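Chemist: Below, each chain spelled out in residue letters.
There are 2 protein chains.
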Amino acid sequence: PERMKGQIVTFALTVKKLGQEDPRRIIHAFKVGLAITIVSMFYYFQPLYNGFGVSAMWAVLTVVVIFEFTVGATLGKGLNRMIATCVAGYLGVSAHHLADLSGRTGEPILLGLFGFLVAGTMTFMRFLPKVKARYDYGFMIFILTFSLVAVSGYRDDEVMKIAHQRLSTIIIGGCIAMLICICICPVWSGAELHNLISSNIEKLGNFLEGFGGEYLPSMEGKSKEEKPFRHQYKSVLGSKSTEETMANQAAWEPSHGRFRFRHPWKQYLKIGALTRQCAYRVDVLNKYLNSNVQMPPEIQENIKEACTKLSSEMGKALKEIAMEMKKMRRTSTAKTHMIKSKAAAQELKSLLKVTSLWEKFNLLDILPAATVASVLIDIVSCVESISEGVCE
Amino acid sequence: PERMKGQIVTFALTVKKLGQEDPRRIIHAFKVGLAITIVSMFYYFQPLYNGFGVSAMWAVLTVVVIFEFTVGATLGKGLNRMIATCVAGYLGVSAHHLADLSGRTGEPILLGLFGFLVAGTMTFMRFLPKVKARYDYGFMIFILTFSLVAVSGYRDDEVMKIAHQRLSTIIIGGCIAMLICICICPVWSGAELHNLISSNIEKLGNFLEGFGGEYLPSMEGKSKEEKPFRHQYKSVLGSKSTEETMANQAAWEPSHGRFRFRHPWKQYLKIGALTRQCAYRVDVLNKYLNSNVQMPPEIQENIKEACTKLSSEMGKALKEIAMEMKKMRRTSTAKTHMIKSKAAAQELKSLLKVTSLWEKFNLLDILPAATVASVLIDIVSCVESISEGVCE
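Here the protein sequences line up with chains A and B, keeping their order. Heads up: the first sequence runs through residues 4 to 395, numbered per the numbering used here. Heads up: the second sequence runs through residues 4 to 395, numbered per the numbering used here.
Next up, chain A with everything else stripped away, as it sits in the complex:
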């Protein structure tokens, strides 16, 4: 019982944290509950029921299945479902009529064949990258509706009526879900993507700014506290699939806030890719924060200032870019920091050129410092292309 109590407490804490991390999750749960309650009432009350019959069940089903966290996902699923149901229903009824012509024995064979062909082709089409990204759900619903309508036709002479009823209940369910999703505290995929990318850039900026202040001094004091900036950037490394999903969802969204319909979401993916490329380099740098490589203090002394300056200028530039992105306003601050970074890089390069500074050491001892310097110089061009990407 003690252990179980502990487990329950842990669970409760996890749930609490989940809500605190993003209170919109609680609102989302509330929205889903509301949508289901509203749509259930269609099914429940006598007069509405008489209109739609058992098909009203499809409205409940639709709401549960298409209601997603973001508006983009919900709209995507909803529209996919409605259109696919409509097209497949029509084709299903046609297939049914066609099979009808072939008489009592031919009908089941023909219908089975149709079902097989449609399901097989559509399943194969789902592997097409474009389809998989945006119309996967629609193709699934297409197969489903086609099979249901074509086959159920045999049982029921009222195929058309049933097909029509199902379609209208699905549309009702879909509209209720989409309306509630959009009207009550909507979560836009586009805005989420925008924030994700800019906060990723900001994380890299934090790292670089911290790195300048932390890396070289820490070698003197050897007191390495774990600062938060050191691990933030790691989430950037694996953000590719999240970004792609969001961009696909965002394409379904109407214009909202500062985003138009058909906002150039692909541009965000490009910036995201550049950011990740920068993050790979940062990961290499981070290794030097962790390692206990001893470096003669003179070497440090030589490049400390230039490295610190370069790193923190780039950090500031990135943070400024992130800020500009968030506010969607262009300022000259980022550009100033970019120019300063380039100057710092030049300075570092010319320092490296001064042979007298380095000749007393062997290259192996200089190696860590040289690598850090080289990677930092490398990052300058990454930062520059990010800044160009953001401007576009």
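Hints were generated in silico from the structure; no laboratory data involved.
Note that identical chains are pooled: a pair holds if it fits in a single copy or bridges any two copies.
Below 27 Å or equal to it, Euclidean Cα-Cα: the simulated DSS-like pairs (lysine-lysine) are: (1) Lys307 / Lys356; (2) Lys135 / Lys8; (3) Lys20 / Lys135; (4) Lys330 / Lys343; (5) Lys19 / Lys133; (6) Lys269 / Lys290; (7) Lys329 / Lys345; (8) Lys8 / Lys133; (9) Lys290 / Lys356; (10) Lys20 / Lys133; (11) Lys243 / Lys133; (12) Lys343 / Lys290; (13) Lys19 / Lys135; (14) Lys290 / Lys345; (15) Lys19 / Lys237; (16) Lys290 / Lys338; (17) Lys307 / Lys290.
Source: prediction; values computed, not measured.
Assemble the complex: chain A is given as a structure, and chain B must be docked to it using the hints.
Modeler: Same frame as chain A, now just chain B:
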């Protein structure tokens, strides 16, 4: 019409390529078609129909919805669906009875409240990371079934009978889908994950082997052909989410081939993470293949041999590790290459120590060579931890 013809040809080529890339996709489409045809017949033929009524439709629906490309995904969705339907159906019937006690006016209010609470709580629970990874679909079906059963109870006095029919048709549909998925040319997530990880390691090995042969010579000849090894590794960088999905799916799979049930799939994720870490470093190296940095030929001469040796030994070691993984057999070849790589790294380090070799150059000219050397040395430890990870 000319343009349209062109588009059709392009489309046909894409489809053909899709099938050629992975012929199992065609088999999968065939399997889905077969499963749907079989299950439609349940719905279609009179005697079976009399047993199940309109509920037979749920069998078709289940097959379409749960049939996925891999066995793991199908089993995961199938089991989630069956268990969730069973539990939610039972609770739904209970909720219906409970609401019944409160009389004609209280009933709709109570049922609406139940629906709201269950849908809200379950939707919120879906945000829990563990639930999201493996039971997301189950929770959705739970909400769906609960709402349907609880609400439909009002209309129908035969709640129990209908709930029972639905459950059995869902189980029939689920079993048919799972059987066909497992019995006809199954695609195991576990085996896929295993192959993905080993081929990722192999790609890195190819790069490193190629890098040794390509990078330094190319600076002489300046004839840079684009070799395929140069871009293969890029797919490794973003493989995180694919690996995680596969590991989650693989956890559903029974023992198959060389994999037991409860194979340590998490270990694969660890190896995957190490491989990606290595890939980040390789990305930094790749930049030096692309850049046109001029380097005095003497510098090149100095480290060319050691770098080439180190890089190609590591490449061989990685390829050997990948081979061992594929065959699931441990050989000593990889270990030999590991030992040779370490020796090469030592050699490179001692070369760097020889001050006389380097003193005539300024550090800026040496920088690219130094960075390549440093990153290569860095990769040694990555390769070592991959090899340790694979051994476990």
